[in-house]
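Chemist: Going line by line, the protein sequences match chains A and B.
Numbering of the first sequence is given in the working numbering, commencing with residue 1 and proceeding in unit increments.
Numbering of the second sequence is given in the working numbering, commencing with residue 317 and proceeding in unit increments.
If you are wondering where the hints come from, they were derived from the structure by calculation, not from laboratory data.
The reader is advised that the hints may include incorrect statements.
As the list claims (entries may be wrong) - Examples of chain A residues lying across from chain B (beta carbon under 7 Å, computed):
1) R117
2) G164
3) E168
4) Q172
5) R185
6) I223
7) P251
8) M311
9) E313
10) E315
Said to hold, decoys possible - With a cut-off of at most 30 Å between alpha-carbon atoms, the simulated BS3-like pairs for lysine-lysine come out as follows:
11) B:K551 - A:K239
12) A:K310 - B:K413
13) B:K409 - A:K310
14) A:K299 - A:K282
We put the beta carbon where it would ideally sit given N, CA and C, even for glycine.
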Amino acid sequence: MARTVLEFEKPIVELEQKVEEMRKYADSLDIADEIRIMEEKVQSLRKSVFGNLTRWQKVQLARHPDRPYTLDYIEMMTTDFVELHGDRAFSDDRAIVGGLARLDNIPVMIIGHQKGRDTKSNVYRNFGMPNPEGYRKALRLMNLAAKFNRPVITMLDTPGAFPGLEAEERGQAQAIARNLFEMSRLPVPIIVVIIGEGASGGALGIGVGNRVLMLENTWYSVISPESCSSILWRSWDFKEQAAEALKLTAPDLLHEGIIDRIVPEPLGGAHRNPAQAAEILKDILVGELKKLQKIKPDKLIDMRVEKFCKMGEWEK
Amino acid sequence: MAWFRRSKVSIQQEAQKKDIPDGMWNKCDRCGEIIHRKQLEEQSFTCAKCGHHFRIGAAEYIALLLDPGTFREIDRKMRSSDPLNFTDTKPYKQRIKESIKKTGLFDAVRIGTGKIGSVPVVVSAMDFSFIGGSMGSVVGEKVARASERALKSRIPLIVISSSGGARMMEGAISLMQLAKTSARLAQLAEARVPYISILTDPTTGGVTASFAMLGDINIAEPGALIGFAGPRVIKQTIGRDLPQGFQRAEFQQEHGFVDMVVDRKEMREKLIILLKYLWIHKK
Ligand SMILES: [Zn+2]
Chain A
1 MARTVLEFEK PIVELEQKVE EMRKYADSLD IADEIRIMEE KVQSLRKSVF
51 GNLTRWQKVQ LARHPDRPYT LDYIEMMTTD FVELHGDRAF SDDRAIVGGL
101 ARLDNIPVMI IGHQKGRDTK SNVYRNFGMP NPEGYRKALR LMNLAAKFNR
151 PVITMLDTPG AFPGLEAEER GQAQAIARNL FEMSRLPVPI IVVIIGEGAS
201 GGALGIGVGN RVLMLENTWY SVISPESCSS ILWRSWDFKE QAAEALKLTA
251 PDLLHEGIID RIVPEPLGGA HRNPAQAAEI LKDILVGELK KLQKIKPDKL
301 IDMRVEKFCK MGEWEK
Chain B
317 MAWFRRSKVS IQQEAQKKDI PDGMWNKCDR CGEIIHRKQL EEQSFTCAKC
367 GHHFRIGAAE YIALLLDPGT FREIDRKMRS SDPLNFTDTK PYKQRIKESI
417 KKTGLFDAVR IGTGKIGSVP VVVSAMDFSF IGGSMGSVVG EKVARASERA
467 LKSRIPLIVI SSSGGARMME GAISLMQLAK TSARLAQLAE ARVPYISILT
517 DPTTGGVTAS FAMLGDINIA EPGALIGFAG PRVIKQTIGR DLPQGFQRAE
567 FQQEHGFVDM VVDRKEMREK LIILLKYLWI HKK
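Excised from the complex, chain B in its bound form:
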């Protein structure tokens, strides 16, 4: 945890070791533009030419949103115990071990406290690079604990989602994390503590069908895929191609499920404005 107490720079240095984008030069998935790492960072990991939002990890997101040096991580090393002793083409235990080694994370979410524009917050940021950001016991428990912490301290909760859904390798236990996180959020709501949900690409399945859709304010990143069923499954069900922009952030706003679509470069400023409206500091 010691390194994490240092500045924003060290969070990003740590992040550079793992996630996409890596290397000095990165190619934009959408327009093909070659962008230097430094420029990408200056643009909050978006393409200066076409606006495409690169998929980024929890560390990058936390660094982008929080006041420098304020993040204090909670339960960093919590990891899955493989409750079902699950094996498919390879043992789940091995998958976890490999993912920890590859990403430097212990599971698909990081939680902690910090400040945004001097407002104290609890933040929970998912990381898609760890088994597709899937939610098993650890993600469920950590998101629930983040909510509990926000309730106890009466400070706003911010959750950044990026997930393919519930984690199959923990079976029904993963499914129950939907109920767990939603129940904790209901308690937070009863206490009138603000909760802002940020949905990034992709947020699907069990995460969308629980905490990601339950914000007092739901914010999506431009172009983010957000939905319950995956596009492939829907296409199979209806037997025809899906319309352009289906399940994207803009579609979700049009259908009334997110309050706004916010460019990542403006996310922090938007949060600062919103938090001032929602959070009433009581002495």
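One chain only, chain A, in its complex shape:
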């Protein structure tokens, strides 16, 4: 059972609880038919709620504290994971994790933003907001992957790069810029998956890949709806409108040609069934990897560069 229930999830959760209660009496009473009818009702409610989510509701789902995070996916999808630490220059940023793992026995380098689930772990993970060291650690791991010819999988889930004083002193902008530059020419396959929040340069800093996949209930944009509201509307109250205007959901980005594929989530969202979410993602990743592994390094680089260079729209 989900610990946090979003406003629009409430009717579903209430019905689910009713079904649960009915099940308790199912042995003593002959209510199998009623239970079946109720279950159908829950299912159709799920479908109608989740088939008609607003963009803001998807933003809320992307931030759901029960959603699987990078380390959860690694745990559920891979074997023999060995976490690697540090940027070899300043420190180990705990908002970005990474290491070697086997995905369906294929050796890969997996790197992702890491959030915490409660106050303590969130402080430890800096709420998934990396400092420059995080990006430099990610780059170090990518170069390591390239050296030993291992494909790279990155998982994006951040409210943004950390806007702190020390982050600026140590070159947040330079660290991100360097990653974009180096990722564009890494001679191994790179697959990027947006698993939660994809907020701006802090997300893109590990987001340049041959394939960019996006989970169904996630968002990816240049700014969060709240910050967009505060800047353009000069008030924090227009986040719903900002979310609509930014067109930041997976179908929006597929339409704009920014992502390649939407990864379906279990009905009700990845947080309702993390194991199934991981299974779906794993299958898709393995399929994508097998295709990319057939392509020569030069071609991989060329494809990646041209893919991003095609993005944008203008009038002559």
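Position chain B with the ligand relative to chain A; hints supplied.
Modeler: Same frame as chain A, but now just chain B with the ligand:
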């Protein structure tokens, strides 16, 4: 484009129609000195009394750096198509239209070829007066094309940045321009074609987190605000005042992110020296 083929004077005349500083007399933001337009021009738009660098447009910058009469503009009229059909308190389409009318520009960057001390270059100059120098599809595409041109002709690339960051009204498309420009610069680097980045006040957000920080040589103007997050956001995050000089050009040099801080009056001469070191002309 015809007028642009003429001399330096006409570029500046055109510039006078729009940007700050305008009028015959201008007040220095820092020391309050009243300076005549002509004197300001002679000082490369810096204050003779305190050295303050006035914010100037793309046309002024190009005129300051390039050999007179050598600039050939590329894709001057490329403009945003409003890919998201974006509306906040007013439609983005209207914002663009108003900005074009106000500035005489079509977006926040101008690119072209020219010469600096007889060395052929591709130049890309941003203009803060167009929606805060923000980067959407047009800025990203034009900077990428400038890099492509430099690669094709094997001539140095000079980019002058002045930007508040990525343009919100094009959403994720704006964000992807960071990747696009950086990827083109990686190709330029592979071919060992020089790239010099000049960071002027202000260079923040997505522009800093992409092409502005990627120069073989990064040069900042004195006092320029350069950073990823804006000072207001950082102040909110840490809950205290920011130290004097934080995120300024001198701070960036001290922390190792720009090679040098160069007075605008000496920028052209500095570029001429550097280009001779970096650019090897191959027949
Ligand atoms: Zn002054």
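Chemist: Now look at each hint and say whether the structure bears it out.
Modeler: Taking the hints in turn, this is what the structure says about them:
1. R117: Nearest chain B Cβ about 22 Å off; hint violated.
2. G164: At 6 Å from the nearest chain B Cβ, G164 (chain A) passes the 7 Å test, so the hint holds.
3. E168: Because about 5 Å separates E168 (chain A) from the closest Cβ in chain B, which is inside the 7 Å limit, the hint holds.
4. Q172: holds (4 Å)
5. R185: This interface hint holds because 5 Å falls under the 7 Å limit.
6. I223: With a minimum Cβ separation of about 5 Å from chain B (threshold 7 Å), the hint on I223 (chain A) holds.
7. P251: violated (12 Å)
8. M311: holds (4 Å)
9. E313: holds (4 Å)
10. E315: For E315 (chain A), the interface hint holds, since the closest Cβ of chain B sits about 5 Å away, which is under 7 Å.
11. B:K551 - A:K239: holds (22 Å)
12. A:K310 - B:K413: Holds, at roughly 25 Å.
13. B:K409 - A:K310: Since the Cα atoms of K409 (chain B) and K310 (chain A) sit roughly 22 Å apart, the hinted pair holds (cutoff 30 Å).
14. A:K299 - A:K282: holds (25 Å)
In terms of the numbered hints stated before, the structure departs from hints 1 and 7, listed from lowest to highest.
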